[in-house]
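Engineer: Residues in the sequence shown are numbered consecutively from 21, following the working numbering.
Hints listed in this document are in silico derivations from the structure and should not be mistaken for laboratory results.
Check each hint, because a few of them may be wrong.
Claimed, not checked - Label pairs and their in silico Cβ distance ranges:
| hint | residue 1 | residue 2 | range |
| --- | --- | --- | --- |
| 1 | 135 | 256 | 19 to 25 Å |
| 2 | 273 | 304 | 47 to 53 Å |
| 3 | 85 | 128 | 49 to 55 Å |
| 4 | 163 | 56 | 52 to 58 Å |
What the hints assert, rightly or not - DSS-like mimics (lysine-lysine), calculated; alpha carbons at most 25 Å apart, straight line:
| hint | residue 1 | residue 2 |
| --- | --- | --- |
| 5 | 100 | 112 |
| 6 | 30 | 141 |
| 7 | 140 | 293 |
| 8 | 293 | 324 |
| 9 | 112 | 25 |
| 10 | 109 | 45 |
| 11 | 187 | 331 |
| 12 | 92 | 112 |
| 13 | 276 | 309 |
| 14 | 124 | 109 |
| 15 | 187 | 327 |
| 16 | 294 | 140 |
| 17 | 113 | 50 |
| 18 | 153 | 30 |
| 19 | 25 | 294 |
| 20 | 50 | 112 |
| 21 | 32 | 45 |
| 22 | 141 | 294 |
| 23 | 100 | 45 |
| 24 | 153 | 140 |
| 25 | 140 | 50 |
| 26 | 124 | 50 |
| 27 | 324 | 294 |
| 28 | 141 | 124 |
| 29 | 244 | 276 |
| 30 | 141 | 25 |
| 31 | 45 | 107 |
| 32 | 100 | 113 |
| 33 | 327 | 294 |
| 34 | 124 | 30 |
| 35 | 113 | 92 |
| 36 | 45 | 30 |
| 37 | 124 | 113 |
| 38 | 309 | 327 |
| 39 | 187 | 294 |
| 40 | 140 | 25 |
Owing to the predicted nature of the structure, the values given are computational and were not obtained by experimental measurement.
All C-beta atoms, glycine included, are put in the ideal place defined by N, C-alpha and C.
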Amino acid sequence: MAYSKETIEKAKAELDRRRREAENKAYRTKEEFFRVCPEAEAVQRRIASAGSRAAIAVAKGGDVRANLTELKNENLELQKIFSDLLKAKGLKKEDITPQYSCPKCSDTGYSDGYRCECFKKLLRMSAFEALNKVSPLSISTFDSFDLSYCKDNDGEPIAQMASNLQKCREFARNFRNETTGLLLTGSTGLGKTHLSLAIAGEVINQGYGVVYGSAYGFANTMEKERFSDGGEDIVTVLTDADLLIIDDLGAENITKYTLSTMYNIIDTRIMRKKPTVISTNLVATELDKIYGSRFSSRVFSAYKILKFSGKDVRLAKRRGY
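Produce the complete structure using the sequences and hints provided.
Structural biologist: Printed below as a string of structure tokens:
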């Protein structure tokens, strides 16, 4: 799953924090226990030396089985003594052993060579937080998309908007099998950004990496990176994301470089069968004029087109109708 470098590093940092906290707490408790009960520390050293003493017994030969059995019994007795000393101080073994938030991976983030579920959950949370910094992701859900505001100038419900909502739901729900993209077109205030973010939230919840941003922001970053070295390559991030969402295409500063780069990103994602969601206020002829027939033809031939119409929903909500 393609998450940004920042998202991955943030999740790793949280796992490191949890692991250190668990280990430090256990260490402090054990140190205090040994301070008030020196006998316990001596017993633990004796238990810890069991392995080396067993190796010595084998090396010496003789009745190895009997010697190992004796060592085993001694070790069991020492463990009981240690447990009794803990109990006498009101402690349990768990109090001096790191209690990781995830027993499966001990807060390392990996289990059997794969990302643990705890790591995946943190990645999803970090992705949500990153999106929330630049968008109202938490309130832009499918359930909060109010079709009662989607009416024409005569106040009649627009069936096309209900269809758009359903198609966006299906796109998000079946994301695993999606190999194309969506182009949301229409005037401002009709819910294109809302549904784009609703898709993002649903797809993140499924464990996929989502990159969301405005075309304006992406274009500015491309221009800055064009003349700089180091850092995370925005083109790679946009190309590799499981889902790329480009909001408000057409509002950015168009240059030959950004136009060419944006086309290459879109074209590469289409060839790799990586879904993309694009929202724009432009109609087909305007897209063709600004981006050229090569760009618009590629998008219109490969994406599902959802046309948004009606009155400005945001304005209608402010006016209370």
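Engineer: Does the structure keep residue 293 and residue 324 at a Cα separation of 25 Å or less?
Structural biologist: holds, 14 Å
Engineer: Confirm or reject the claim that residue 273 and residue 304 have a C-beta distance inside 47 to 53 Å.
Structural biologist: violated, 22 Å
Engineer: Holds or violated: residue 276 with residue 309, Cα cutoff 25 Å?
Structural biologist: holds, 14 Å
Engineer: Residue 45 and residue 107 were given as a pair; does the straight-line alpha-carbon distance stay at or below 25 Å?
Structural biologist: Status holds; Cα separation ~18 Å.
Engineer: Would the hint linking residue 327 and residue 294 be met if the CA-CA limit is 25 Å?
Structural biologist: Judged against 25 Å, a Cα distance of about 22 Å means the pair holds.
Engineer: Hint check: residue 309 vs residue 327, CA-CA at most 25 Å. Holds or violated?
Structural biologist: holds, 19 Å
Engineer: Run the distance test for residue 141 versus residue 294: straight-line Cα separation, threshold 25 Å.
Structural biologist: Roughly 22 Å separates the two Cα atoms, so the pair holds.
Engineer: Between residue 25 and residue 294, does the CA-CA distance stay at or below 25 Å?
Structural biologist: Given that 25 Å is the threshold and the Cα spacing comes to 19 Å, the pair holds.
Engineer: Hey, residue 140 versus residue 293, does the alpha-carbon distance stay inside 25 Å?
Structural biologist: holds, 23 Å
Engineer: Between residue 45 and residue 30, does the CA-CA distance stay at or below 25 Å?
Structural biologist: Satisfied, since the Cα-Cα distance of roughly 23 Å is no more than 25 Å.
Engineer: Mind checking the alpha carbons of residue 324 and residue 294 for me, to see if they're no more than 25 Å apart?
Structural biologist: At roughly 14 Å apart (the allowed maximum being 25 Å), residue 294 and residue 324 satisfy the hint.
Engineer: Are residue 140 and residue 25 close enough, with their CA atoms no more than 25 Å apart?
Structural biologist: Given that 25 Å is the threshold and the Cα spacing comes to 14 Å, the pair holds.
Checked against the numbered hints given earlier, this structure breaks hints 2, 3, 9, 14, 25; the rest are met.
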